[in-house]
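Engineer: Residues per chain, in single letters:
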Amino acid sequence: MSNQQVVQVIIFGIAAALIIFGGIRVVTAQNIVRAALYLVLTLAATAGLFVLLLAEFIAAVQILIYVGAVVVILLFGIMLTRAPIGLTPDLDNESARIWGLVAGLVFLGVVTFVLWRHFASVPALELSAPDSGANEALGRSLLVDWVAPFEAVSMVLLSALIGALAMARKD
Amino acid sequence: MVGALASSVSVASSALLGAAEAAAEHGEHAAAVLNGPNSTLKLGWLVVALPFVGWLLTLFFGKRSPMRGAIYGVTALGAGLLISIAMFFQVAGGAAPYHQKFYTFDIGGYEVSTGFSFDSFTVMMFAVVTLISFLVHIYSLAYMKDEVRFTFFYATLSLFTGSMLLMVASDNLLQMFVGWELVGVCSYLLIGHYWEEKPNSSAAIKAFITTRIGDVGMMFGIFVLFFAAGTFDIGGINGLAASGGIKHGILLAGATLLFIGVIGKSAQFPLHVWLPDAMAGPTPVSALIHAATMVVAGIYLVARNFDVFRTAFALGPGGPANVVMIIGTITMLIAALLAMVQDDIKKVLAYSTVSQLGYMVAALGVGAWTAAVFHLFTHAMFKALLFLGSGSVIHAVHSNNMSDMGGLRKEMPVTFWTFLIGSAALAGVPGLAGFFSKDEILHFAFHNHYYAVFGVGLLTAALTALYMTRCVSLTFFGEFRGHGHPHESPRLMTVPLVVLAVLSVTVGSLNFWGMKGFGVWIAYAGEQHVAEFDVVAMLAGTAAGAIGILLGLWIYYWKKAPQGLLDRVAPFRWAHTLLMNKYYLDDLYIKGIVRPVQYSLSKVAYWINQKIIDGVVNGVGVMTRKALAEATYWLDQTVVDGFVNDVANEAGEAGGALRRIQTGKAQQYVAVAVVATAVLVIAVVWAVR
Amino acid sequence: MRLMSILMLSAALFSIGIYGVLVRRNAVLVLMSIELMLNAVNINLIGFGTWLRDTAFVNAQAFVLFVIAIAAAEVGIGIAIVLAIYRNKASIAVDEVDSMKW
Amino acid sequence: MTIWIEVAVKTLALLLMIPLAALALGYSELKIMAHMQSRVGPMEAGKFHGWAQLIADGLKFIQKEDVIPEAADRSVFALAPVLSLISAFLVFAVVPFGSGQRFWFFNLDIGLFYALAVSAISVLGVLMAGWSSANKYSLMGGLRAAAQLMAYELPLVLAAVAVVIQAGTMSLVGIVEAQANFSILGIPVPYVVPQFAGFVIFVIASVAELSRTPFDMPMAESELITGPLTEYTGFRFLFFFMAEYAGMFALSAIAATIYLGGYWLPGVPDNIAPAVGPVALVAKTGLIAFFLIWIRSTYPRLREDQLQKFAWKVLIPISLVNILVTSIAVVFVSDVQG
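For the protein sequence lines, the chains are A, B, C and D, in the order given. The first sequence begins at 1 in this note's numbering and counts up by one. The second sequence begins at 1001 in this note's numbering and counts up by one. The third sequence begins at 2001 in this note's numbering and counts up by one. The fourth sequence begins at 3001 in this note's numbering and counts up by one.
Please keep in mind that the hints were generated in silico from the structure rather than gathered at the bench. Some hints could be false.
[As the list claims (entries may be wrong)] Straight-line C-alpha distance at most 30 Å; calculated DSBU-like pairs for lysine-lysine:
#	chain 1	residue 1	chain 2	residue 2
1	D	Lys3313	B	Lys1198
2	B	Lys1665	C	Lys2089
3	C	Lys2089	D	Lys3136
4	D	Lys3047	D	Lys3136
5	B	Lys1145	B	Lys1410
6	D	Lys3047	D	Lys3010
7	B	Lys1145	B	Lys1101
8	B	Lys1247	B	Lys1063
9	B	Lys1063	D	Lys3047
10	D	Lys3064	D	Lys3136
11	D	Lys3064	D	Lys3047
12	D	Lys3309	B	Lys1198
13	B	Lys1063	B	Lys1145
14	B	Lys1063	D	Lys3064
15	B	Lys1101	B	Lys1198
16	D	Lys3031	D	Lys3064
17	D	Lys3309	D	Lys3136
18	D	Lys3031	D	Lys3047
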């Protein structure tokens, strides 16, 4: 392994550890606001991982949309409903814990099995610095190859906006 | 004379707009504009752009501008009218069509181009639309003077006109569709202008939704034609259709779908119901909708894509009966009958429009392209005249109902005479505009053995004469039955009336049998021409009109008809009730479509959800969770107790167990989904191992 | 760095999300768990994109943008639903919202 | 090894810039507002026009006792000011102070987008502070800040999108260069001329993002004490204070870069451009910052619903039209030039 690859592996390790740690805390934290803040950690670490994987535009979108908007809206919703400081009991369905764990582990096992069979032999990824035209290519791809899904997503967002508005109204 | 006028107008307009043209054509000298073979046609884009500019200016600066913003629309349409007239004369002088490409998009591997195409048909539409719209703009200055949202009204009026011009000028179906939809939006805004009152906003919504039903068809029609021809280009699609480059079945599907759009937009049976309700809008808007912008869009679409329709339905002399012809024929008759019983003067005219649109559609259905387009042209003149005239009357008596009018000919001489001319033109009095165009349609139908169309056409002509006589008699003769003191409308309103009256008298001669001017200018290559003149058709048409007028005078002017005819004679009474209820079509739509969608459909969905989906879910639930326990329990019960529990008890037990599976808790459903997914993945992996 | 480690990371995060969706009672926490799962999908897509390179790289990014857009719409609608439920029941525990049965 | 030295120097400069910007802007605000209100402002500290007032304040803050409310969520409470400061710090990282490698921390291909993304993090800090203080007023302020985000974020990004469309790049250096090559009728002008509507929207949205008057509802003193900052004392408060002014400086710098031409000045010869660049940028930034201060001492506070209405009914439609017009113009111009 070259020096650069070592650095990459280290960065990946840190990011992955943060992602997994944050994720676990999201689903185990006994305070809802803290869970949301751990979600921020996971999402931000994912953005870092995206930068490592050369998708810097996606990383910025991740920060802007997820951290800047989605989590803020989530927190807004939490604080509008009920967000006491300190431990909140009954955030979890106690009896479901074991089944949730089983389901998660079974799923992880199945997926690992499949992935291992097909992708274990893939050699190390080659991560070279992106050429400057990468974002232009992405823009072209979005508005030429994927223009129909793009428009469809626009419609989805618009209808979600209207739907959210209609539902959250008091009358 | 015509040439001199043409050149003087084009000099004026070119001098006015030379600078803009020079900017558009990158340094082409203004002199070239004046001298080129289709020079003024190159200014066509300006006619489209001007109303949009007027719209934006009115919208943003209207309230602080002179004339409360109307100045922009009036100026834009005035300039557009000048250019259109210059273009018209240029086309009449034999200028070649001018095609202007703007921009080509490459979307997902398909090339979509935008552009304008100015041929004689487009230019004729330009002249009609700008003329009517200009006059309506002028007229509304007085009519809308004290109304709410004056500035917004003018902004939308300009946008309305601009959208129609955009649609008419488009060289491709996509751009045309944009214009078509913009026209729909603007009509919605204008019909609902007085939205403070519930019926008006309901009428706007009805118009919008009804036409939207048609538009869905049209949209899919455009898609079908696009995928069949690989282009949106109208010329390209029609060329392929004419040469048999598109499979007939696909072409038929595309044409039928497009025609659904026409049925919606041009208010053909059975989607004609919105047009009479659309009278809720201000009267000048009705004039615009009925004469120039909204409803003729459908006629224009068929005429513009006539090769598609002709090939798909085998239109033309000797062709079979087809859906276009049938719809048109039905529409013209039922609408004319409905116009007989209306009390609201605007609704009489509205049904009259539906009827006349039926005429045009039927004419297209029998292949009489020139006659249909010519009728569109003349109809625009006298129908705009009639609507503006009725607006003038309404303005004076403050009521839409003819039962509140009467005897107005003395108080409102100008309105009376112009309205009379318009009615005569519509009724088909020889020498006036309507006579020539209607006669041409009847003549074509008769000559090509479409006797049903000919017969219904004659009947409709007689009915048209009858109800227009009724309308004029009730409005302008007899004693005044309303309140207050009606007076003649201001100049701003009467001058447009006079202009339109003059045109209603004269434009018919454009296609006078001897001259055939119109048919030569606005020619359609695929049309089979018929003999010039047929005395039988002409006499029959004249006689039908005369009978209608005499009958009308007999009943409504001389009042010789027995009193209470409608109340006492059963068939008349039935017919009257049927007509008063508009053939129960609105009821049919409400009770037959809207309610079932609202109530029954939800019930069906509920039933499906309860019986089928829940059944499946419950089944899965049993399989995954309860199967073992239930089986053991069942076995235990059977073995130990034998037939202690009877069969009904068992069924109840099972049902209760199944019911408990459906907890309503989303997470348990997710759990089932996860388990099922895992099982599926394992199965697939095992299968492909 | 191997593709396999990215895929495993993604799978692990997805499983954590599944656990959260199944176990959490609070509706907002369920929404967060769904976000985790969507995020796992994004990691997966970007990982494959980086491996396959060229057009696949760009297409993967386009897909991720779609996923993020859908996720944003989903959160918007989700929070609106949560607020509506909270107004009606003064509770956002998902297992108490079970009136959609029978 | 030189690369590490470079990184270290740049990081140090960046870290220094935050208190410096906060000091300069804070002092300017004290003085400018004082003069706009016909009074003198702080005059004692440091003898000359009270120039050391804020340094004294800073020292005072550091000496103060660090009070954390009993009921507060301690770790979140402690993390909130740091997050706010980090947001401002990260924005600074992409601002180009001149042409050339040594004038920026890094020149991202997506610089403008990155700047907007990381500046959105600051609201998270405010929200955390508001919640963790265990104080009604603080929570209310935090909620207001979150609601405010929904109003300003969209116009801010949409206004920037029009600039990106015109420049054809998201890189801040690229946008400055595009402005250097841009002219109307032969007169070299920055993007503020063609993008005037966008500029106005961007500045208004920035004011809302910075929670400054007239959009200071989250901190509204007369209603919420100081909103999320109510429970903060000592050096934690200092952090928020610095974050506020550094954020103001950073957003002004972004606005100056994308609308006023950043470090570029027309007609400056190449050999002195590196020296002029940072000065030009700071001057332009100061211009916008001055404008923000001016607004603060001029306008009264709005209500939250008024801001929402204004944003969704005025700013967003206008910025959408702005994007439409810009893209049509760009396509048209590129067509004309072939």
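Engineer: All hints are to be evaluated individually against the structure, with a verdict given for each.
Structural biologist: Here is what the structure says about each hint:
| no. | hint | result |
| --- | --- | --- |
| 1 | Lys3313/D / Lys1198/B | 26 Å, holds |
| 2 | Lys1665/B / Lys2089/C | 15 Å, holds |
| 3 | Lys2089/C / Lys3136/D | 23 Å, holds |
| 4 | Lys3047/D / Lys3136/D | 42 Å, violated |
| 5 | Lys1145/B / Lys1410/B | 25 Å, holds |
| 6 | Lys3047/D / Lys3010/D | 33 Å, violated |
| 7 | Lys1145/B / Lys1101/B | 41 Å, violated |
| 8 | Lys1247/B / Lys1063/B | 55 Å, violated |
| 9 | Lys1063/B / Lys3047/D | 57 Å, violated |
| 10 | Lys3064/D / Lys3136/D | 24 Å, holds |
| 11 | Lys3064/D / Lys3047/D | 24 Å, holds |
| 12 | Lys3309/D / Lys1198/B | 27 Å, holds |
| 13 | Lys1063/B / Lys1145/B | 14 Å, holds |
| 14 | Lys1063/B / Lys3064/D | 59 Å, violated |
| 15 | Lys1101/B / Lys1198/B | 45 Å, violated |
| 16 | Lys3031/D / Lys3064/D | 25 Å, holds |
| 17 | Lys3309/D / Lys3136/D | 26 Å, holds |
| 18 | Lys3031/D / Lys3047/D | 14 Å, holds |
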